[in-house]
Amino acid sequence: MSAAPATATGGPDAGGPVPTPRDPTPSGAPPDATPPGRPAKEPARPDPAGSDQAERRARASQSFWTAVVGVPAVFSVLRLGVEAGGELQTTLLLVANVGPVNLLAGFLTTAARLLTTALVAVFALGAVLGASVDRLPPGRRRRPLFARWSEITPAWFVAASFLLALVTWPLLYLPLLVPAAAAAFQFTPERLHERPGPRVLIVAALFGGYLWLLLPTLRDAWSQGEPLPVLLLVVPPLLALAIAGPLPGAVIRPLASVTQAAVLAMLVWAALPVISTPVLPLTVTTVGSGSGATEDVRGHVVTTDDVNMVILQEQGGVRYVPVDQVRGQVLCPSEEELPRHRLRIHDFHVEDSLLEGLGRRVRPVHRIDAACRAVG
Amino acid sequence: MNAPVTGSRVRSIATTLAVALTLTLAAAAGCDSRQESDLPSVQEKLRETHIYGQAKLRIGVATNEPLMGELRNGVYTGFDVEIARYIAASLGYEGDQRLEFVPVSTEDRIPALQGGMVDLVVSTFSITEERKKLVSFAGPYFVTTQEVMVPLRLKDRIRTIEDLRDPTYKVCTSGGSTTEAELEKHQVKALVVKDVGDCVTGIRAGRYDAVSSDEAILAGFLARFPTEFEIVDMPFGTSEMLGIGVPIGDPALRDLVAFFLHKSYQQGRDGQTSPWLTAYNRTLGPWLRAEKRQPQPLDVPKLVDFDDKAPRR
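Protein chains in written order, with my numbering: chain A, 1 to 376; chain B, 1001 to 1313.
Rather than coming from a laboratory, the hints here were simulated on the basis of the structure. Small disclaimer: the values here were computed from a predicted structure and weren't measured. Every residue gets a Cβ at the ideal spot worked out from N, C-alpha and C, and that includes glycine. Check the hints yourself; a few may be wrong.
As the list claims (entries may be wrong) - Just the calculated beta-carbon pair ranges, DEER-fashion:
1. A:Gly316 <-> B:Ile1248: 33 to 43 Å
2. A:Gly316 <-> B:Arg1312: 54 to 64 Å
3. A:Gly86 <-> B:Met1117: 38 to 48 Å
As the list claims (entries may be wrong) - Pairs of lysine to aspartate or glutamate residues, derived as DMTMM-like cross-links and limited to a Cα-Cα distance of at most 25 Å, are as follows:
4. B:Lys1045 <-> A:Glu335
5. B:Lys1056 <-> A:Glu226
6. B:Lys1309 <-> A:Asp306
7. B:Lys1302 <-> A:Glu314
8. B:Lys1194 <-> B:Glu1044
9. B:Lys1302 <-> A:Asp305
10. B:Lys1292 <-> B:Asp1163
11. B:Lys1056 <-> B:Asp1038
12. B:Lys1045 <-> A:Asp134
13. B:Lys1309 <-> A:Asp52
To be verified - Partial chain B-side listing against chain A, Cβ under 7 Å, derived:
14. Leu1021
15. Gly1175
16. Asp1198
17. Asp1307
18. Lys1309
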């Protein structure tokens, strides 16, 4: 069983940079074109199976990359329709004025969390299922979809996804990344030290330091009667100790199908707010008329030319405001940005990501203009 | 042979549990991120107030109290006016288009709030138990003491409360003020007029000999006539807490005003320039004998706002 820890991360070679599953044979298998533990090891018809494997891999690779590139593209266009309030002409107005680069950048800004969550979930589950696949009953060794996906993905892409998640996830959910990473890279505590004594000490020291860092936050959460933040901050690092390794044969199939459905459901569920997140920033424009009276128009500025400023109003409808009537304009926050927790980790709000927290330190003063409050 | 098998089984059960728990926590995190916030927000409170959707905010201020609330050449100035502007801007009413100052005399402050003539009163309005039965208060935003101002010709003769009891001196104060009650408590017979400004005019015309009121109000008149008056420090023993008057039926508005006063207090405490400090330095600051700081507002609700995620340090 000594070969087990060495099988964790994928190799960097171009053909099969895969997290290879555990090898069921006691000693190392002879080097082979296909990774060990694959159905292709059945010796009866090596050639057709090999080409079948290659084809499957190519298909899986294709479907994976299609999803990675296609989903954001489709979402970006779909949300324009939602942003326009379902009106065809307004959608066309937006399409005419929002450039593809802006659209994609806007989408990535708001959907980076969703994308990284989906990728991290796929890679973590895929690696766990991949490591367990040799425990499947013989003859039913078709590898689960996520396992195939995580195998064909280059290691750098997995690492990049985790890195992106690290900087875009809210701090409160960041501890979940620890078991996810341990699962994706099949990182067991045995890797820390070969002897159990020092291993326990290292783990205890790491966890102690982590708790010491979080102690003020945990105390606040406890005094505010919020058990979920306490659980989310404390439990996941402990789970990371046990998450790597093969699953029992009986749970692999159900887990694979349930999690596939769950990840899909999560995508749909989490995609709804992302689709309805505006592409354009929310502003309040003060419009003056000849008589001196002013009016505040709350909405998103689509475009401005020499004659008109085109505003997509928050409540719906497009308004063309003559440029010479514009008295002022302010940028406003939307109510979705209001915090849901009153907790901080060393002055970083738990709902901020590392990037957002850093940004707030660069521009610490936040002023809410009066006009933003006035108009409902 | 048996031990490794058992170990491996335990290991795979642990893995299963870890996977299941991680997925559960992830699902809980997902639900948490989609949940509506149950913390009360400024925006939510604003929707509960009677001013929500109103085109203009009407604030009752004094027009004849220099440094506090004064109308000069059609422009309202003074500490109270500056505080009123800050509160109005925080509530979403900024600029003359959206903010209307309504002149209220000392005795009209409560009826103006009760009758809906004004939405708020910022006019050296002392917080008292009696008044709390009729209107709500947010604050205090200023703590002052009761003092007496005398013309220079009498500055050596009126030095104590005992001197004020001398019937040869005519002491003047404004009706419906806390000073009126305080003088009565000390058996000082006072002549009651509409505003402190009338007392000052009366003294200059020779009708009265002394005027008693809040130090902040008297400092204003001293600033206007620095060569004619002097403030005499008398031990009345009570401090006046000035608050912002809000209609008693609108607790949401009271909470919001208290919240914004507290925001300014917090900024001042953190060593930043606060709206209160700016207002103070521009008006009262140079004219008071001792430097003052913003008092801590009472009964401040905990509300979340858009700037809650900003760094505190």
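Structure-based check of all given hints:
1. A:Gly316 <-> B:Ile1248: 33 to 43 Å: holds, 38 Å
2. A:Gly316 <-> B:Arg1312: 54 to 64 Å: For B:Arg1312 against A:Gly316, whose Cβ atoms are near 38 Å apart, the range 54 to 64 Å is violated.
3. A:Gly86 <-> B:Met1117: 38 to 48 Å: holds, 46 Å
4. B:Lys1045 <-> A:Glu335: holds, 13 Å
5. B:Lys1056 <-> A:Glu226: violated, 40 Å
6. B:Lys1309 <-> A:Asp306: At roughly 38 Å apart (the allowed maximum being 25 Å), A:Asp306 and B:Lys1309 break the hint.
7. B:Lys1302 <-> A:Glu314: violated, 29 Å
8. B:Lys1194 <-> B:Glu1044: violated, 40 Å
9. B:Lys1302 <-> A:Asp305: violated, 44 Å
10. B:Lys1292 <-> B:Asp1163: Between B:Lys1292 and B:Asp1163 the Cα gap is close to 29 Å, so the pair fails against 25 Å, i.e. violated.
11. B:Lys1056 <-> B:Asp1038: Violated, because 30 Å separates the two Cα atoms, which is more than 25 Å.
12. B:Lys1045 <-> A:Asp134: Since the Cα atoms of B:Lys1045 and A:Asp134 sit roughly 59 Å apart, the hinted pair is violated (cutoff 25 Å).
13. B:Lys1309 <-> A:Asp52: Violated - the C-alpha atoms of A:Asp52 and B:Lys1309 are around 54 Å apart, more than 25 Å.
14. Leu1021: holds, 6 Å
15. Gly1175: Check failed: Cβ of B:Gly1175 comes no nearer than 36 Å to chain A, outside 7 Å.
16. Asp1198: Hint violated; B:Asp1198 Cβ to chain A Cβ min 36 Å, cut 7 Å.
17. Asp1307: Holds, because the Cβ-Cβ distance from B:Asp1307 to chain A comes to roughly 4 Å (cut-off 7 Å).
18. Lys1309: Since chain A brings a Cβ to about 4 Å from B:Lys1309, closer than 7 Å, the hint holds.
In this structure, the hints that do not hold are numbers 2, 5, 6, 7, 8, 9, 10, 11, 12, 13, 15 and 16, in rising order.
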